[in-house]
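*Asks:* Below, each chain spelled out in residue letters.
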Amino acid sequence: MHIKNLIKRIFLFYYEGFKDMTVGKKLWVIIFIKLFIMFAILKIFFFPDFLKSNFNTDKERSEYVINQLTNSKTTDHD
Amino acid sequence: MIENLDPGLVDWSRAQFALTALYHWLFVPLTLGITFIIAFMETIYVKTGDPEWKKITKFWMTLFGINFAIGVATGIILEFEFGTNWSNYSWFVGDIFGAPLAIEGIMAFFLESTFIAVMFFGWNKVSKKFHLLSTWLVAFGSNLSALWILVANGWMQSPVGMHFNPETARNEMLNFWDVLLSPIAINKFLHTITSGYVLAAIFVIGVSAWFLLKGREQLLAKRSIVISSVFGLLSCLFLIYTGDGSAYQVAQKQPMKLAAMEGLYQGSEGAGLVVLGIPTPGKQFDDQKDDYLFKFEIPKLLSFLGYGDVNAFVPGVKDLISGGYEYNNTNGIKETALSAEQKIEKGKISINALKNYKHAKENNDSEKLKESLDLFNENFKYFGYGFLNDPKSIIPNVPLTFYSFHIMVSLGFYFILFFSLSLLFIYKDDIEPRKWFLRLAILTIPLAYIASLSGWIVAEVGRQPWTIQDLLPTVAAVSQIDASAVQITFFLFTIIFTALLIAEIRIMTKQIHIGPKEGGH
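Just so you know, the sequences run in chain order C and F. Quick note: the first sequence uses the working numbering, first residue 1424, plus one each step. Quick note: the second sequence uses the working numbering, first residue 14, plus one each step.
A couple of the hints might just be wrong.
[To be verified] Partial list, computed: chain F residues near chain C (C-beta under 7 angstroms):
(1) GLY96
(2) TRP104
(3) PHE134
(4) LEU367
(5) LYS368
(6) SER492
(7) THR502
[To be verified] Computed from the model, here is a short list of chain F residues facing chain C with C-beta under 10 angstroms:
(8) ALA86
(9) SER103
(10) PHE396
(11) GLN524
Worth flagging that the hints you see were computed from the coordinates, not collected in a lab. Where a beta carbon is used, it is the ideal one built from N, C-alpha and C, also for glycine.
Generate the whole structure from the sequences, applying the supplied hints.
*Replies:* In structure tokens form, the structure reads like this:
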């Protein structure tokens, strides 16, 4: 009963807080649009984790990186 | 293979990271500083019970909320880029960033979901003291959050407390405290957060000055100016102290960055600090042109600030390339500096030893394994040089580093004058008739952002070509992906971040026009 009341009070705290917002409502819209663009579009379509998506195990990843690092000839550019 | 790397890929990946980091940093410093200013204001409200202080606190809290909401999660983009564009780097860094970034993530989550909610929703719902406690916790929490990111950055500038595992090609943390308490990380943290305090104080004074110019909210404006002038002036003085500490660390750990900051090609004993100067355009480290078209310097000050000795030798770009000068190593023992060419040679030995180690491991050749591991460890401190071909690759963009550094420092000293005048005028209660100062205060807001961004340009451009100092240059850190993919996201980010910045400025200015009001945020 006590926990139920606590949960209800926390819920009401946030609910009434959001309800009473003025400029905050607009900001939440911006936050949600931003998070949607970041995680649902950019992360999925443009920013796959290169090593995770190309290799299945850490062993494969480390072998790939060691190959990358040790098979360099002179590599700099201005 | 890295030898087939498209140079355009490295440049676009760097440009994209620079763009996102700089835009991200537009939102961060105001949050770092204004939370403390708000906490001071609310403390006075709780102590005095004066409702005007509550109104003032709530007004600045709303502006903080706007900045926080627009800026929140913009840093996540940088983590996306690590995984996609900088995969070799991300792998090489190993678990060094794991602990600090995990702490940062957990802290940010709890901070943002609880105490910020109490700050904004808790007026009249929790006790005054608990509300005040939440405000202080948000101030300390957001600054502590910055600590972990800056510790990670500090490690890149001066890698300590780790061991490189040649079997996995990853760095493993040996001592968390060495990483956390690295002098370069501590100085970086203190210098960076203090710069945020200065920026926030200028922001509050500038907005208050606008109210005074408009003849509105005089009490709010004057009280805000008092708090911010004191906070800003003290922060500015501390900023000089931490800046001196940072410069000392740079001199010890990143002498090439120091040379670029000062436009110093030819080192000397008793080197002066250039206060004002124009580096010779097109100057190359090995030509005979003078370092500067003109300069005004304070004699011997650079030697003193960098090495604590007015007669100490400060190596210039040329000396760092040629080597041969004497310096004290980290253990205080005198050594002769290697040339860039010798370092490149040692770096290649280290890379080759890693390759041999791998082959020996595959062939179960224990003798070769030990031999190659010893050779690798012996030369590991120059590992990154092995990816370079030309000694001059270790020279960063000198004019950009020089001008950024001098803009930052000049503005820092201007801010001291600005806060002093602000404090003087507000103390004498004649700030309102001084329209010139009020206009200057508004114009100083963008200058604070320019100074702050210049600081990051010095820190990051000045340490090129390294992603991790001496161990991994950008050319070896980048992922083998198509440069056009990076170009597309570069322009995408330009659009997204510019839209966010416009939204921030529009919502912020609208809210400032509305001014303080009763009710929710």
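*Asks:* All the hints need checking, so say for each whether the structure fits it.
*Replies:* Hints, one by one, checked against the model:
1. Hint on F:GLY96 holds. Least Cβ distance to chain C is approximately 4 angstroms, under the 7 angstroms limit.
2. For the restraint placing F:TRP104 at the interface with chain C, the shortest Cβ-Cβ distance is roughly 5 angstroms, inside the 7 angstroms limit, so the hint holds.
3. Given hint, F:PHE134 at the interface with chain C, holds; its Cβ is 3 angstroms from that chain's nearest Cβ, closer than 7 angstroms.
4. For F:LEU367, the suggested interface contact is upheld, since its CB lies about 5 angstroms from the closest CB of chain C, less than 7 angstroms.
5. For the restraint placing F:LYS368 at the interface with chain C, the shortest Cβ-Cβ distance is roughly 4 angstroms, inside the 7 angstroms limit, so the hint holds.
6. With its C-beta approaching chain C no nearer than about 4 angstroms, F:SER492 sits inside the 7 angstroms limit, and its interface hint holds.
7. The restraint placing F:THR502 at the interface with chain C holds, with a minimum CB-CB distance near 5 angstroms, inside the 7 angstroms limit.
8. Annotation: F:ALA86 was flagged as interfacial toward chain C, and the flag holds, the nearest CB pair being 6 angstroms apart, inside 10 angstroms.
9. Checking F:SER103 against chain C: minimum C-beta separation of about 7 angstroms stays under 10 angstroms; hint holds.
10. Restraint check, F:PHE396 versus chain C: the minimum CB separation of about 9 angstroms is within 10 angstroms; hint holds.
11. At about 6 angstroms, the closest approach between the beta carbon of F:GLN524 and any beta carbon in chain C falls short of 10 angstroms, and the interface hint on this residue holds.
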